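For reference, the chains in residue letters:
There are 2 protein chains.
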Amino acid sequence: MTFALPAIEPITDVRLEAKLRHKIDHKTKPVGSLGQLEDIALQLGLIQRSDVVSFKDPQMLVFAGDHGIAADGVSAFPQEVTVQMVGNMLAGGAAINVLARQHGFHLQVVDAGVAANFDDHPHLIKKKVAHGTKNCTKAAAMSGDELHTALQAGADIVKSLPGNIIAFGEMGIANTSSAALLLHRLTNITLKDATGRGTGLTDPQLLHKRKVLMLAVLRHPDAVDPLQVMAAMGGFEIAMMTGAMLQAASQRRVILVDGFIAGAAALVAQGLSPQVLHYMVFCHRSAERGHRLLLEHLKARPLLDLDMRLGEGTGALLAWPLVQSAARLMNEMASFASAGVSNKDG
Amino acid sequence: MTFALPAIEPITDVRLEAKLRHKIDHKTKPVGSLGQLEDIALQLGLIQRSDVVSFKDPQMLVFAGDHGIAADGVSAFPQEVTVQMVGNMLAGGAAINVLARQHGFHLQVVDAGVAANFDDHPHLIKKKVAHGTKNCTKAAAMSGDELHTALQAGADIVKSLPGNIIAFGEMGIANTSSAALLLHRLTNITLKDATGRGTGLTDPQLLHKRKVLMLAVLRHPDAVDPLQVMAAMGGFEIAMMTGAMLQAASQRRVILVDGFIAGAAALVAQGLSPQVLHYMVFCHRSAERGHRLLLEHLKARPLLDLDMRLGEGTGALLAWPLVQSAARLMNEMASFASAGVSNKDG
Numbered sequence: 036m037t038f039a040l041p042a043i044e045p046i047t048d049v050r051l052e053a054k055l056r057h058k059i060d061h062k063t064k065p066v067g068s069l070g071q072l073e074d075i076a077l078q079l080g081l082i083q084r085s086d087v088v089s090f091k092d093p094q095m096l097v098f099a100g101d102h103g104i105a106a107d108g109v110s111a112f113p114q115e116v117t118v119q120m121v122g123n124m125l126a127g128g129a130a131i132n133v134l135a136r137q138h139g140f141h142l143q144v145v146d147a148g149v150a151a152n153f154d155d156h157p158h159l160i161k162k163k164v165a166h167g168t169k170n171c172t173k174a175a176a177m178s179g180d181e182l183h184t185a186l187q188a189g190a191d192i193v194k195s196l197p198g199n200i201i202a203f204g205e206m207g208i209a210n211t212s213s214a215a216l217l218l219h220r221l222t223n224i225t226l227k228d229a230t231g232r233g234t235g236l237t238d239p240q241l242l243h244k245r246k247v248l249m250l251a252v253l254r255h256p257d258a259v260d261p262l263q264v265m266a267a268m269g270g271f272e273i274a275m276m277t278g279a280m281l282q283a284a285s286q287r288r289v290i291l292v293d294g295f296i297a298g299a300a301a302l303v304a305q306g307l308s309p310q311v312l313h314y315m316v317f318c319h320r321s322a323e324r325g326h327r328l329l330l331e332h333l334k335a336r337p338l339l340d341l342d343m344r345l346g347e348g349t350g351a352l353l354a355w356p357l358v359q360s361a362a363r364l365m366n367e368m369a370s371f372a373s374a375g376v377s378n379k380d381g
Numbered sequence: 036m037t038f039a040l041p042a043i044e045p046i047t048d049v050r051l052e053a054k055l056r057h058k059i060d061h062k063t064k065p066v067g068s069l070g071q072l073e074d075i076a077l078q079l080g081l082i083q084r085s086d087v088v089s090f091k092d093p094q095m096l097v098f099a100g101d102h103g104i105a106a107d108g109v110s111a112f113p114q115e116v117t118v119q120m121v122g123n124m125l126a127g128g129a130a131i132n133v134l135a136r137q138h139g140f141h142l143q144v145v146d147a148g149v150a151a152n153f154d155d156h157p158h159l160i161k162k163k164v165a166h167g168t169k170n171c172t173k174a175a176a177m178s179g180d181e182l183h184t185a186l187q188a189g190a191d192i193v194k195s196l197p198g199n200i201i202a203f204g205e206m207g208i209a210n211t212s213s214a215a216l217l218l219h220r221l222t223n224i225t226l227k228d229a230t231g232r233g234t235g236l237t238d239p240q241l242l243h244k245r246k247v248l249m250l251a252v253l254r255h256p257d258a259v260d261p262l263q264v265m266a267a268m269g270g271f272e273i274a275m276m277t278g279a280m281l282q283a284a285s286q287r288r289v290i291l292v293d294g295f296i297a298g299a300a301a302l303v304a305q306g307l308s309p310q311v312l313h314y315m316v317f318c319h320r321s322a323e324r325g326h327r328l329l330l331e332h333l334k335a336r337p338l339l340d341l342d343m344r345l346g347e348g349t350g351a352l353l354a355w356p357l358v359q360s361a362a363r364l365m366n367e368m369a370s371f372a373s374a375g376v377s378n379k380d381g
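In order, the protein sequence lines correspond to chains X and Y.
To convert a position in the first sequence, counted from 1, into this note's numbering, add 35.
To convert a position in the second sequence, counted from 1, into this note's numbering, add 35.
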């Protein structure tokens, strides 16, 4: 099968932008004093083509997958934790469940390629491409057909969802390795800079991880374009997230991007269709080495910087109330004229 | 009258701290991976003396006051904006109203010393000490008696409020001048570093503000301790906030500290009773020059850094969902044992 790239419109609209800026600048506050929230408000207005922003049926998708490279000891946790954490999420006990309950997000876990079988569950979307990727130090992580299947499955999931905002998170032991490899190969960032401690490697373990990742890099000299790189060294959860993000943007939905792994999916999506970035809100900067550089590469300014490194979508949902505030401030604040407040210029 | 400093207990409790750390570290996540939220969870548990944190009747207090120094042209906005913005807040149109509605805070505006009279209003607390401070380039901003009246009024307000969490914000044209003067005199921070653009001064206006503030500094060479400095160069809204913060801490309430002005009140409170800091969550780092240095002086790490400079308490309420998340994650997340998830160490 071949994944057909969905058409994504840029959000650029000079007249609407001027209207939105005027509205924001005439609220009862000094011009620019809401800082980054003003940029978010503008982006939301452009995405929704309106100066009144509203959100409906917010969705949280957690894409889970296993990674063959985990066998080489690149993670502090054993591979079985992926399936265990999926179980924890389905039981409602993970961090992302707590935050989804707090903020009223409908949470679903996507089995994109976990190395175990699951029973049916109302919050589980079964889209397993395979029982984990192949070890990319020895072979391509996935075949071209598997890659396209994953991308299409991501797009299909989004098509089936209601609402106009989707938060993207993930779970997968060893997936910071995959994200580091994607980041290194698709940008000018060195492998050393891209590689971090993940869930908590010690110094010697980090050195080992770097050596293993270098083997992967050397194994795939010909993987250059985004799809080649994803097939060679990516993950099923990352590829499916990429397809889902592209589909979400094509439907003008707001995309909440979590941390390093979701950022890697965004990087690949941007490589395929640059205007997908218009729909993305980068929610937080994780403690993971590489994520800061990834955000800089994308010229993205995240909303939060709390030294977190959990994934799952936690950074996305923690930032969500700020996105909501940006919308509400634009919708609800009085203007200088309506409130009878003197403006700076008289 | 003389304000009696309320007794504030330190939150230190070695056994409880160990219990809280154990609980946080055995949640289904890598140790430390919730970053700063783990520190907040620990602080909340120590404040509430429990490993289950709950919030009741959250209160937002906006202290408003006018400043005699406004007559010297230190603000981009005219002084009448203080009273106009109080009106805007009572009508529900200001940014802080939007955020209080979003997060279910009970908002009250305190007239600590606005240079105008207000009709009664259900959301207005009338504690006017005087119609604005005196111009501190020419005289003490307030008398000793006025200072103590303001501090006591702040404490009395808090005593009358229900709940266990209070957010502190302010409104007052020229109050970044007062905050800069307090910061400079009470720390080693230079007047130049302490002084910023406030609501949006141009370069020449900023130079003028610095000159005016230097006159104030030179006018009060003998003001050294926190109360002397507050009387000489403070503001009624800042002093009342200081009294309110001290009272809130004495009742073991969580204190959400907004930006530069609220930070200056916190600085004075800390000068009077250092353990007040145990109860404070520093919510955001504002774009105002000086606020970053103030936070560093207090060794405070704020939750948000969104380039905002609005005040009113907006930074406090924007950070509130993160505080709530910290509590919920500690309360609700599963442990490795309860979820049957393998831990790092086997």
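In case anyone wonders, no lab produced these hints; they're calculated from the structure.
The structure displayed is predicted, hence computed values, not measured ones.
The reader is advised that the hints may include incorrect statements.
[Stated by the list, open to error] Result set (DSSO-like, lysine-lysine): computed pairs, CA atoms no more than 30 angstroms apart in a straight line:
no.	chain 1	residue 1	chain 2	residue 2
1	Y	K58	X	K379
2	Y	K379	X	K161
3	X	K379	Y	K194
4	Y	K163	Y	K379
5	Y	K246	X	K379
6	Y	K91	X	K379
7	X	K246	Y	K379
8	X	K379	Y	K379
9	Y	K173	X	K227
10	X	K91	Y	K169
11	X	K379	X	K194
12	Y	K91	Y	K194
13	Y	K91	X	K162
14	Y	K379	X	K169
15	X	K173	Y	K58
Evaluation of the provided hints:
no.: 1; hint: K58(Y) with K379(X); result: violated (52 angstroms)
no.: 2; hint: K379(Y) with K161(X); result: holds (28 angstroms)
no.: 3; hint: K379(X) with K194(Y); result: violated (37 angstroms)
no.: 4; hint: K163(Y) with K379(Y); result: violated (59 angstroms)
no.: 5; hint: K246(Y) with K379(X); result: holds (21 angstroms)
no.: 6; hint: K91(Y) with K379(X); result: violated (39 angstroms)
no.: 7; hint: K246(X) with K379(Y); result: holds (21 angstroms)
no.: 8; hint: K379(X) with K379(Y); result: violated (58 angstroms)
no.: 9; hint: K173(Y) with K227(X); result: violated (60 angstroms)
no.: 10; hint: K91(X) with K169(Y); result: violated (51 angstroms)
no.: 11; hint: K379(X) with K194(X); result: violated (48 angstroms)
no.: 12; hint: K91(Y) with K194(Y); result: holds (15 angstroms)
no.: 13; hint: K91(Y) with K162(X); result: violated (43 angstroms)
no.: 14; hint: K379(Y) with K169(X); result: holds (23 angstroms)
no.: 15; hint: K173(X) with K58(Y); result: violated (41 angstroms)
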